[in-house]
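Here the protein sequences line up with chains A and B, keeping their order.
First residue of the first sequence? That's 1 in the working numbering, and the numbers climb one at a time after it.
First residue of the second sequence? That's 1001 in the working numbering, and the numbers climb one at a time after it.
It is worth saying that the hints were derived from the structure and are not from the lab.
None of the hints are false.
Below, a list of computed lysine to any residue pairs in the SDA-like style, where the Cα atoms sit at most 25 Å apart: (1) K1129/B / F188/A; (2) K1208/B / F175/A; (3) K1208/B / S179/A; (4) K1208/B / S295/A; (5) K291/A / L332/A.
Take a look at the letters that make up each chain.
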Amino acid sequence: MSGVKPAPEPGHLGYTVQGIGVADMAVQSDIMEAAGPYDRAKALSAFKFGDVTFYWITRACAISVLLILGGIIVSLIAGAWPAIREYGFSFLFTSRWAPSNDPPVLGALGPIYGTLVTSVIAMTIAIPVGLGIAIFLTELCPQWLRRPIGIAVELLAGIPSIIYGMWGFFVLGPFMADSFQPFVIKVFDGVPILGTIFAGPPSYLSLFNASLILAIMVLPFITAISVDVFKTVPPVLKEAAYGVGCTTWEVVRNVVIPYTKVGVIGGIMLALGRALGETMAVTFIIGNAFKITGSVFSPGTTISAAIASEFAESDGLHQSGLILLGLLLFVLTFFVLAAARIMLMRLEKKAGN
Amino acid sequence: MNFIKTIVAAGLVAASTSAFAADITGAGATFPFPLYSKWADSYKKETGNGLNYQSIGSGAGIKQIIAKTVTFGASDMPLKSEQLDKEGMIQWPQAMGALVPVVNLEGIKPGELVFTGELLGDIYLGKVKKWDDPAIAKLNPKLKLPTDAITVVRRSDGSGTTFLWTDYLSKTNAEWKTKVGAGTAVEWPTGVGAKGNEGVAGNVGQTKNSIGYVEYAYAKQNKLTHAGVINKAGKTVQPTIGAFQAAAANADWAGAKNYYVILTDQAGEASWPITGATFILMHKDATDKAAAKEAIKFFTWAFAKGDKMAEDLDYIPMPDSVVKMIEKTWTAEIKS
Chain A
1 MSGVKPAPEP
11 GHLGYTVQGI
21 GVADMAVQSD
31 IMEAAGPYDR
41 AKALSAFKFG
51 DVTFYWITRA
61 CAISVLLILG
71 GIIVSLIAGA
81 WPAIREYGFS
91 FLFTSRWAPS
101 NDPPVLGALG
111 PIYGTLVTSV
121 IAMTIAIPVG
131 LGIAIFLTEL
141 CPQWLRRPIG
151 IAVELLAGIP
161 SIIYGMWGFF
171 VLGPFMADSF
181 QPFVIKVFDG
191 VPILGTIFAG
201 PPSYLSLFNA
211 SLILAIMVLP
221 FITAISVDVF
231 KTVPPVLKEA
241 AYGVGCTTWE
251 VVRNVVIPYT
261 KVGVIGGIML
271 ALGRALGETM
281 AVTFIIGNAF
291 KITGSVFSPG
301 TTISAAIASE
311 FAESDGLHQS
321 GLILLGLLLF
331 VLTFFVLAAA
341 RIMLMRLEKK
351 AGN
Chain B
1001 MNFIKTIVAA
1011 GLVAASTSAF
1021 AADITGAGAT
1031 FPFPLYSKWA
1041 DSYKKETGNG
1051 LNYQSIGSGA
1061 GIKQIIAKTV
1071 TFGASDMPLK
1081 SEQLDKEGMI
1091 QWPQAMGALV
1101 PVVNLEGIKP
1111 GELVFTGELL
1121 GDIYLGKVKK
1131 WDDPAIAKLN
1141 PKLKLPTDAI
1151 TVVRRSDGSG
1161 TTFLWTDYLS
1171 KTNAEWKTKV
1181 GAGTAVEWPT
1191 GVGAKGNEGV
1201 AGNVGQTKNS
1211 IGYVEYAYAK
1221 QNKLTHAGVI
1231 NKAGKTVQPT
1241 IGAFQAAAAN
1251 ADWAGAKNYY
1261 VILTDQAGEA
1271 SWPITGATFI
1281 LMHKDATDKA
1291 AAKEAIKFFT
1301 WAFAKGDKMA
1311 EDLDYIPMPD
1321 SVVKMIEKTW
1331 TAEIKS
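Using the sequences and the hints, build the whole thing.
Here's what the structure looks like:
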């Protein structure tokens, strides 16, 4: 409670002076002089009261975030407790998911695997493309094209995820299964490792299709934030680099990216956070199968898709298991964000030196 | 745990109960949803009383009625007597319906393809992987089937429809019975999961070389290619209202305690083997007695005047003798 009294006096003076326009100054000081010292104290205490109230209102708002977060964690743990007690750590390493068995056999390995695989593939696709768009927009794009592309990227971010799901289901899925997947399967057939990763048969609903949709969904996050931070690069740095004969690629590689690394990584982490938790679009096109096969063209499931499709009909240990899955996703996203923070802190330190 | 359940249940129902205080509220199975909404529509026109039915799935419906957040629950899987007694509830069958296997195969017309329960089980076990498998060819010697892999579509959510389907597979395929068994959500050996009857219908309609199972009305509305099935008597039957009624006629409602009857794989030459009843659950001693009374009024009306509407939607109305039994149960069990 050390921050209860945030040095109100100096804060007040600053406040009062800033709050009054230059034109009012003279009038205000006339009144104050005429009114005498008593009224001055009263006026100050009124200001003080206002400030303290404001302080407590904002403080309550801020604390409510902590309370909500704490409440969510507590209820997740309470809900997941029966499953934690029943399965313990084996929950993480079991790939069977048989809720109708008696007692139910539940393991999170399938959904965890699906979540990680789809996120990794999505980021592998979205990072280069997203950065490419951002670089083009800030460095190379003719002025007249800048707005249409920028608006298109922003619109991409505004499309509800269910629309992505439907598009993936009706358009992307059939296209992938009929043309892209058979081609890739044929190319890699017989090649060690890659042959397994891209093994057939082609499927409308698969991990890979879900990853593609995710990539499109997180693209705007990466692009929008990168564009913003690229704009902060002082023109003088770039001009100097061009002046000594750098190509655009060299300017981007050696001036723009190093200068904006922190912001770009922040955007990427935000995108990863969305990819890990995205539910509706993924549920539509991933196939909802609790199986781990080597192939990315086979159906799978993610943590959030599993919860979305099974929660309504679950009870007892099954429901508890689903809540435990939710808790895992919570922890997973927490670690991603924490890792992002630590990386950013390191980068900032480096930049400081 | 109960605390969380109540919150979830309350949240789900909050949306449904806000409309009118006079409305009867119910929640549960998606299987009879088209029928209940049609009944509700006519009932509202006739009496002015509305029915608010949320098709959230059998399991969720059971949970809601146990939590007393709705006046009645609906489930495609009957509850066992012990559970009914424990919760102080009664159940009765409100209508019957049927599941059909549907396929998406080029050049195959509705009803041309024929399966046995055992073959369907093998396909859903992932043992029969391709459409040109000898086991399929043996039953369908005249059809030219592709060499492509079979895409198996099944429900991803727990569901009474899945219970009927897996119950049928358990009765006809021994390996299915030991490996997977029957339930509203099972450990699927293969296939892609879709949400709801409409999700499976959409997936099969969309995916070439796929097979799925849906309630008959969904197959009809989505113009899917259904297949015939060889029944217990060894005869090939097509999904027609006559075949559903033949199966339903076999049911021994009078001899079953609490109407616990599962109608899959019935004897009889004309019986459609994947037929089932959909059940209503109510508390004997409801907290809101007026609402319970209104609900019973609605179900009485539905039994009396809803038969034609049920048949229009390819459901099978309960026979009059069973309706009389059910009405007796109401007067005996429900406290007013």
